[in-house]
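K.L.:
The residues making up each chain are set out below.
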Amino acid sequence: MTVFLHNLKYECISTLRSREMIGWLMLFPIVLGTLFRVAFGSIYENDVCFQSIPTAVVETGENEVFAEVLKAVTESDDPLLNVTAADEASALKLLRDGDAKGIIYAGETVSLTVAGKGIQETILNSFVRQYSVYETVIKDTLKQNPQNLPAVIEALSADTEVCVRQSVTEGNPDQFIQYFYNLIAMVAIFGCISGLNFTTDNQTNLSPLGARKSCSPSPKYISLSAGLTGKCIAQSVCMVICVTFLAFVLKIDFGDRLPLVYGTAILGGILGVSMGFFIGSVGKLSLEIKNGILMTVSLVLCFLSGLMIGNMKAVISEKAPWFNAFNPVAVISDCFYCLNLYSDFERFRTKILIILFDIVLFTVLGMLFSRRKRYASI
Amino acid sequence: MKQSVVKIENLVKRYGDLIALDHFSLDIREGEIFGLLGPNGSGKTTTINCLLALLSFDKGDIEIFGKKMTPTSYEIKQEIGIIMQNVAVFDELTVYENIDYFCGLYISDREKRKQYVEEAIQFVGLDEFRKFRPKKLSGGLLRRLNIACGIAHKPKLIILDEPTVAVDPQSRNRILEGIAELNRNGATVIYTSHYMEEVEQLCTRIAIMDRGRKIAEGTTDELKRMICNTETITIEALALTDEIVKTVSELPHVYDTAYDGTKFTVFCSGGKHNLLRILGVLQEHSVSIGRVFSERPTLNDVFLEITGKALRDKGE
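Taken in sequence, the protein lines are chains A and B.
Under numbering that gives the first Met the number 0, the first residue of the first sequence carries the number 0, and numbering increases by one thereafter.
Under numbering that gives the first Met the number 0, the first residue of the second sequence carries the number 0, and numbering increases by one thereafter.
If you are wondering where the hints come from, they were derived from the structure by calculation, not from laboratory data.
Backbone N, C-alpha and C fix where the C-beta goes; we use that ideal spot for every residue, glycine too.
Wrong hints could be hidden among the right ones.
Per label pair, the in silico range of CB-to-CB distance [claimed, not checked]: (1) B:Asp57 - A:Leu360: 45 to 51 Å; (2) B:Gln2 - A:Leu4: 33 to 39 Å; (3) B:Arg212 - A:Phe27: 40 to 46 Å; (4) A:Leu257 - B:Asp90: 33 to 39 Å; (5) A:Tyr220 - B:Glu110: 54 to 60 Å; (6) B:Ile18 - A:Ser285: 22 to 28 Å; (7) B:Asp90 - A:Val299: 25 to 31 Å.
To be clear about the criterion: a stretch of chain A counts as covered by chain B if any three or more of its residues have a C-beta under 8 Å from a C-beta of chain B, and this derived list gives those stretches [stated by the list, open to error]: (8) 97-109; (9) 212-221.
Pairs of lysine to any residue, SDA-like flavour, derived with a Cα cap of 20 Å [claimed, not checked]: (10) A:Lys219 - B:Met68; (11) B:Lys262 - B:Arg295; (12) A:Lys250 - A:Ile29; (13) A:Lys138 - A:Arg128; (14) B:Lys153 - B:Glu118; (15) A:Lys8 - B:Leu141; (16) B:Lys111 - A:Phe3; (17) B:Lys262 - B:Glu283; (18) B:Lys271 - B:Phe292; (19) B:Lys134 - A:Thr199; (20) B:Lys135 - A:Arg18; (21) B:Lys271 - B:Lys308; (22) B:Lys67 - B:Asn85; (23) B:Lys155 - A:Pro216; (24) A:Lys8 - B:Asp108; (25) B:Lys134 - A:Asp255; (26) B:Lys130 - A:Ser17; (27) B:Lys134 - A:Ser17; (28) A:Lys70 - A:Glu58; (29) B:Lys67 - A:Pro216; (30) A:Lys8 - B:Ser107; (31) B:Lys111 - A:Leu4; (32) A:Lys219 - B:Ser55; (33) B:Lys134 - A:Lys138; (34) A:Lys219 - B:Phe131; (35) B:Lys130 - A:Cys11; (36) A:Lys283 - B:Lys6; (37) B:Lys67 - A:Ile29; (38) B:Lys134 - A:Glu287; (39) A:Lys250 - A:Ile232; (40) B:Lys262 - B:Pro296.
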């Protein structure tokens, strides 16, 4: 046990100090995450934040009731319309220049002119139509129960929604969040660098350090298990830093299951380490060649899981669905997706089981390949 | 007679058609500094790797401290310190941490280990560099760290595989003095090198290897007695005639001569006063001479005479 703890201590220290660990697993995700946030930030804001509809109003006659309604929908905390009073010529110019989405002609009757077919034009159209329907009700309310007018106007504004988005989860269904899931999955899978270095440092035929360790009286299974544990702890630290940075510094909304996001990220990291350990144990290629192979494989897996092109995973799902089940990056990323999108845990549980199975498989195979005692050549 | 520490019998190691070790045998006794001398590729490192049970071999037996050596001979490994040809330390750990890590693989007791690590740091003279990482150390200091990692646990058998390759003379001397001190403190040392001066200076017994075979074994003097040459006399002389060269060649105990126009070299085998006799001949013929050198044979001469080639590659 003492030797195990001794190995564990120094494995953690050396791993957390290694340049690759700091560069690829700590700084790289911070930089890439920040770039993602900057790139998708404005799109995100536009997508989710409602903006008042710029509208020109041309008075063609006296309509006290409509003026009251207009006042109500422009002066609320979250105004539906951003009204510019204008004569007809100015209003048409605003419409042509795109500074107004529509012109409301307010007189005895209320009519609307729009120049396009967007959502805002549809909302304007709906608003004017609703006003026509409610006009009598509003007039009656104004005469008989003026104190109820705000409630009636609120009902009118609410009905202007063409369709209502009803979320099935407490999570964040925004499409850009997928990039951040993939980023965490990539950091997790980059744990393979750490796993590969670990194999190299422990195998007699791959490094002088491995040879020296093999000469020690410490049984190999102790140094392997202690070392792997150390690598997994160090990788978990990196995963926690990555998720914390994304969630609390970049304010990425991972929904209401953040502890499970942390847990998944840590498991994903351990999967990365075990994959690197396994690949490092096979064959007698140099560290540089194995590193090159591993980085290429990792980046290809990241690409196919949609890190570079958002809908790539959907394309793979359609063309080769089996591959997404096999691709560890896709599996880790799917875990976050399931966690965020589905209220139940069924799919999430399945993905976690796949990750656990992969971890056990890679670790056992890696141990079997590494347990070799003597080599034909060094 | 002292107890046998390492016993290798008829060791054969093949890499395909290449025979790396050809029925190689050794018997190293307690307290010796045993030198394995041979050119690059002669099989020194292969011998060490087989000895440490890192390499499989085709035939033969290896015993250390009287017990058969296997990869799981942890009791034996506990008593061995290994200093590899290539520096084997963690780049991310400091000097102190590296020594502590390797010492900890052998010594569980924390207090004892702390003391051993301090002693190892003092021993190799890395006290002021204890917080340095290996990348900040010079080649010589790095070699010293490599040695400290191998000897911190006070092993009874220390194996050093070419520990002074690419080391400056100052560090080299320090390393050699250190090895001698370890031996004085009771450790048996196996030292491989292709630097004959080091082996000659340090080792109590030497085995010379070539192409996987042991071609000679003994103390330095025993090895030198194996060859014909006992003295090489070199005289700076201009315009020697063939007649003079022939006269010198016919002197007693002279078995060979060489003259390149400026240096006259005479190889003698046994006998006394060879130099006086040669100088006498040159004086008789009124030859002007410059500097005169008389050299005892080196291990390189031994190797040269036995194998017909120089021990060390030119330029090394």
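K.L.:
Would you mind marking each hint as holding or not holding in the structure?
P.N.:
Hints and how they fare:
| no. | hint | result |
| --- | --- | --- |
| 1 | B:Asp57 - A:Leu360: 45 to 51 Å | violated, 36 Å |
| 2 | B:Gln2 - A:Leu4: 33 to 39 Å | holds, 36 Å |
| 3 | B:Arg212 - A:Phe27: 40 to 46 Å | violated, 54 Å |
| 4 | A:Leu257 - B:Asp90: 33 to 39 Å | holds, 36 Å |
| 5 | A:Tyr220 - B:Glu110: 54 to 60 Å | violated, 28 Å |
| 6 | B:Ile18 - A:Ser285: 22 to 28 Å | holds, 26 Å |
| 7 | B:Asp90 - A:Val299: 25 to 31 Å | holds, 29 Å |
| 8 | 97-109 | violated (count 0) |
| 9 | 212-221 | holds (count 7) |
| 10 | A:Lys219 - B:Met68 | holds, 16 Å |
| 11 | B:Lys262 - B:Arg295 | holds, 18 Å |
| 12 | A:Lys250 - A:Ile29 | holds, 13 Å |
| 13 | A:Lys138 - A:Arg128 | holds, 16 Å |
| 14 | B:Lys153 - B:Glu118 | holds, 10 Å |
| 15 | A:Lys8 - B:Leu141 | violated, 23 Å |
| 16 | B:Lys111 - A:Phe3 | holds, 18 Å |
| 17 | B:Lys262 - B:Glu283 | holds, 19 Å |
| 18 | B:Lys271 - B:Phe292 | holds, 16 Å |
| 19 | B:Lys134 - A:Thr199 | holds, 19 Å |
| 20 | B:Lys135 - A:Arg18 | holds, 15 Å |
| 21 | B:Lys271 - B:Lys308 | violated, 28 Å |
| 22 | B:Lys67 - B:Asn85 | violated, 27 Å |
| 23 | B:Lys155 - A:Pro216 | holds, 14 Å |
| 24 | A:Lys8 - B:Asp108 | holds, 16 Å |
| 25 | B:Lys134 - A:Asp255 | violated, 46 Å |
| 26 | B:Lys130 - A:Ser17 | holds, 16 Å |
| 27 | B:Lys134 - A:Ser17 | holds, 12 Å |
| 28 | A:Lys70 - A:Glu58 | holds, 14 Å |
| 29 | B:Lys67 - A:Pro216 | holds, 15 Å |
| 30 | A:Lys8 - B:Ser107 | holds, 14 Å |
| 31 | B:Lys111 - A:Leu4 | holds, 17 Å |
| 32 | A:Lys219 - B:Ser55 | holds, 17 Å |
| 33 | B:Lys134 - A:Lys138 | violated, 86 Å |
| 34 | A:Lys219 - B:Phe131 | violated, 29 Å |
| 35 | B:Lys130 - A:Cys11 | holds, 18 Å |
| 36 | A:Lys283 - B:Lys6 | violated, 31 Å |
| 37 | B:Lys67 - A:Ile29 | violated, 55 Å |
| 38 | B:Lys134 - A:Glu287 | holds, 19 Å |
| 39 | A:Lys250 - A:Ile232 | violated, 25 Å |
| 40 | B:Lys262 - B:Pro296 | holds, 18 Å |
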